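Working from the sequences, and respecting the hints, build out all of it.
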Amino acid sequence: MTSMEKVAKAPKVKEGVDQETVDAVQSVGEKYKYGFETDIEMDFAPKGLNEDIVRLISKKNEEPEWMLEWRLQAFARWQQMEEPDWAMVNYPEIDFQDIYYYARPKSMEEKPKSLDDVDPKLLATYEKLGIPLKEQMILAGVEGADQTPADGRIEGQAEGRKVAVDAVFDSVSVGTTFKEELARAGVIFCSISEAIREHPDLVRKYLGSVVPQSDNYYATLNSAVFSDGSFVYIPPGVRCPMELSTYFRINAENTGQFERTLIIADKGSYVSYLEGCTAPKRDTAQLHAAVVELVIMEDAEIKYSTVQNWFPGDEEGKGGIYNFVTKRADCRGDRAKVMWTQVETGSAVTWKYPSCILRGDDSQGEFYSIAITNNMQQADTGTKMIHLGKNTRSRIVSKGISAGRAQNTYRGLVSMHPRAKNSRNYTQCDSLLIGDKCGAHTVPYIEVRNNSSRVEHEATTSKVDDEQLFYCRSRGMNEEEALALIVNGFAKEVLQALPMEFAMEAQSLVAISLEGSVG
Amino acid sequence: MLEIKDLHVKLADEDKEILKGLSLRVPSGEVHAIMGPNGSGKSTMSYVLSGKDGYEVTSGSATLDGADLLEMEPEERAAAGLFLAFQYPVEIPGVGNMTFLRTAVNSQRKLRGEEELSAAEFLKLVRTRAKSLKIDADMLKRPVNVGFSGGEKKRNEILQMAMLEPKMCILDETDSGLDVDAMKLVAEGVNALRDGKRSFLVITHYQRLLDHIKPDVVHIMADGRIIKTGGPELALEVEHNGYADLLAEVA
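Residue numbers (our numbering), protein chains in the order written: chain A, 369 to 887; chain B, 882 to 1132.
It is worth saying that the hints were derived from the structure and are not from the lab.
Among the hints, a few may not be true.
Once the Cα atoms are required to be at most 30 Å apart in a straight line, the calculated DSSO-like pairs of lysine-lysine come out as [said to hold, decoys possible]:
(1) Lys-891(B) <-> Lys-901(B)
(2) Lys-1015(B) <-> Lys-1065(B)
(3) Lys-831(A) <-> Lys-891(B)
(4) Lys-1048(B) <-> Lys-1005(B)
(5) Lys-686(A) <-> Lys-831(A)
(6) Lys-805(A) <-> Lys-860(A)
(7) Lys-1078(B) <-> Lys-860(A)
(8) Lys-1022(B) <-> Lys-860(A)
(9) Lys-1048(B) <-> Lys-1078(B)
(10) Lys-933(B) <-> Lys-831(A)
(11) Lys-831(A) <-> Lys-897(B)
(12) Lys-891(B) <-> Lys-805(A)
(13) Lys-860(A) <-> Lys-897(B)
(14) Lys-860(A) <-> Lys-1012(B)
(15) Lys-428(A) <-> Lys-547(A)
(16) Lys-671(A) <-> Lys-1022(B)
(17) Lys-991(B) <-> Lys-831(A)
(18) Lys-933(B) <-> Lys-805(A)
(19) Lys-933(B) <-> Lys-860(A)
(20) Lys-1005(B) <-> Lys-860(A)
(21) Lys-1022(B) <-> Lys-831(A)
Here are the simulated distance ranges between beta carbons [unchecked claim]:
(22) Gly-1028(B) <-> Arg-822(A): 24 to 30 Å
(23) Lys-1095(B) <-> Glu-683(A): 52 to 58 Å
(24) Lys-831(A) <-> Gly-1111(B): 44 to 50 Å
(25) Ala-1000(B) <-> Asp-453(A): 47 to 53 Å
(26) Tyr-794(A) <-> Leu-1117(B): 55 to 61 Å
(27) Gly-416(A) <-> Ala-1000(B): 51 to 57 Å
(28) Gly-1032(B) <-> Arg-787(A): 50 to 56 Å
(29) Glu-683(A) <-> Glu-937(B): 26 to 32 Å
(30) Asn-458(A) <-> Ala-893(B): 35 to 41 Å
(31) Glu-861(A) <-> Lys-1012(B): 27 to 33 Å
(32) Tyr-794(A) <-> Arg-1089(B): 46 to 52 Å
These numbers were taken from a predicted model, which means no experiment stands behind them.
We treat Cβ as the ideally placed atom computed from N, Cα and C, and that holds for glycine.
Below, the structure written as structure tokens:
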């Protein structure tokens, strides 16, 4: 069942970026290149959700009592909540009792001694995700693999550039790379389950402090059942020596993935964090309800980039990921900065609003987004900029691309509180339509409660024009190359905001996710 | 050599014939001009040859060095060596001119089974070509045709032509909207690409372009076909007398 897919080579940095887009279209035969399934023996908790499952998840993660209490509290709340229905998305009712809330590769139970002992299928999965062998060993938990310095990081990276990777496979973090090197800088980068055990003070202090347990239906569900995710702590004044990265992958069928990410940038620190997501092709929809909390102290800065490529469902809208995610950054100190960049190409349904709370004076929040929907995909996504402090700044650049019969909604809130004097927001919201059966919607909410702040909102809607396509084709590009070029041009401002290697991956993704949308 | 035989073309959506038995031969290395009154089908011919949607070929043929153009996709025609300089070049926001050129060059090379140019090779080539056309580096960085003046757009078309090295170039009213200086620059660019093998088909309303790009043969087109073929003097005749006499001759 896994023989059809092709291994996608990571693009080379030194070659021109745009050529990669074009190559990607040609080299990726399949419409969804990560749609492979790995046939690994899994350890499942029974389907459905009740207190026992919550206890089991907590126990499997060897959590302390306080964590279990926290989860049970969330679960109790969740039972009294109702699923929100205000977003412009339609999907069949989710039976929350028909989902596995915990799945873990069996091979994780004992640490393998060498690569030979690692479940080869797990390795094959990493290879397909484009993670190089050295990282594969570490992620597979081979003892000692992370002790020796590794060269030639993720293929195609600029020389000397390193990325530390944490991989989350279904519910479990299967390994984190470069821990030692990071530890020397004082950076903590590990799975959240490990952080709960090893750094309980930090976790207790910050978990749920940005996205409270009771924030919303999915966040509350996540608080009860999150199984793993990543934890990052950057100590005061430290510039994280490498990019940090997490790969999330949902593999097992009927499994929900509920990861929880907590990043704390202490005073004057800096970190750039990348998040990539994939899932296999399935006929049935899968649920993904993650929570990401960012805490940014005085003069600190976090850049958080996401390339979300969950399985979008097939042309008829069968299967795919339901992506209900709560992401929020809290600029707690003065002059704190946060930048969200997201490229959303996957998922059947996306419900996601990475937000910035600009609490500290002179703090800054930026949101750059590309959301591509094709076929039957639906996306309701945007951001919230909550200006609380004085002289706070925010910038929103949203590029929505709709093809097939997809519906793409930008929903954003800009709120200037009374104390947020002299604050500014600039919002640019562009929609691009491909074909005549898709929709683009823009729903901006603007609240200004002081006299000295300024809010600007610009919105455009355009169509990919036949004249543009013909012009490109008359110069030798095929239809898909031409479309990829035009769409990448449309989304350029956002692509430029991504770290280099992600920008290229994203460009290829733009091309791939629009396959079959013309002609 | 471009050879068009008895080509009949109608609009795809309505029953309106535009090309009515067009025949034309442009041997390699020659420069031919086509003149004709508005609505005679000149632009339609250039679109049909390059493969634009919206037209239906009902009969006839068009070949480039023996290869059937009408069977090919637009990009295959380009790779086979056909180039159309547009009357109204299209703007593509956000796509750098350089990126566009490189994608186009390498797409064609791929289609022809040739090795793609590396970034360095391409950069060297584009700089040389741009310099010889007096196109400054700034224009290469800007998005394709966005905010370009009329003259810049046409020079950009000629730059694309220089980069893609086609066998057969069709220039669709390249002089329209240009002042005398801009027209001279464009003509110089075209002349620099004349190498004895490359052919040109220059569609124009005015003799003055032909002062700068000297044609070997001039065709007069009216009502969807060529009604008269002659030397450069034919263009002068049109300039002095208009089309009325010629049209009367045929009628």
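Hint-by-hint comparison with the structure:
no. : hint                                   : result
1   : Lys-891(B) <-> Lys-901(B)              : holds (9 Å)
2   : Lys-1015(B) <-> Lys-1065(B)            : holds (12 Å)
3   : Lys-831(A) <-> Lys-891(B)              : holds (27 Å)
4   : Lys-1048(B) <-> Lys-1005(B)            : holds (22 Å)
5   : Lys-686(A) <-> Lys-831(A)              : holds (27 Å)
6   : Lys-805(A) <-> Lys-860(A)              : holds (25 Å)
7   : Lys-1078(B) <-> Lys-860(A)             : violated (40 Å)
8   : Lys-1022(B) <-> Lys-860(A)             : holds (14 Å)
9   : Lys-1048(B) <-> Lys-1078(B)            : holds (7 Å)
10  : Lys-933(B) <-> Lys-831(A)              : holds (19 Å)
11  : Lys-831(A) <-> Lys-897(B)              : holds (28 Å)
12  : Lys-891(B) <-> Lys-805(A)              : holds (29 Å)
13  : Lys-860(A) <-> Lys-897(B)              : violated (42 Å)
14  : Lys-860(A) <-> Lys-1012(B)             : holds (28 Å)
15  : Lys-428(A) <-> Lys-547(A)              : holds (23 Å)
16  : Lys-671(A) <-> Lys-1022(B)             : holds (28 Å)
17  : Lys-991(B) <-> Lys-831(A)              : holds (29 Å)
18  : Lys-933(B) <-> Lys-805(A)              : holds (23 Å)
19  : Lys-933(B) <-> Lys-860(A)              : holds (28 Å)
20  : Lys-1005(B) <-> Lys-860(A)             : holds (25 Å)
21  : Lys-1022(B) <-> Lys-831(A)             : holds (24 Å)
22  : Gly-1028(B) <-> Arg-822(A): 24 to 30 Å : holds (27 Å)
23  : Lys-1095(B) <-> Glu-683(A): 52 to 58 Å : holds (56 Å)
24  : Lys-831(A) <-> Gly-1111(B): 44 to 50 Å : holds (45 Å)
25  : Ala-1000(B) <-> Asp-453(A): 47 to 53 Å : holds (50 Å)
26  : Tyr-794(A) <-> Leu-1117(B): 55 to 61 Å : holds (59 Å)
27  : Gly-416(A) <-> Ala-1000(B): 51 to 57 Å : holds (55 Å)
28  : Gly-1032(B) <-> Arg-787(A): 50 to 56 Å : holds (55 Å)
29  : Glu-683(A) <-> Glu-937(B): 26 to 32 Å  : holds (30 Å)
30  : Asn-458(A) <-> Ala-893(B): 35 to 41 Å  : holds (37 Å)
31  : Glu-861(A) <-> Lys-1012(B): 27 to 33 Å : holds (30 Å)
32  : Tyr-794(A) <-> Arg-1089(B): 46 to 52 Å : holds (49 Å)
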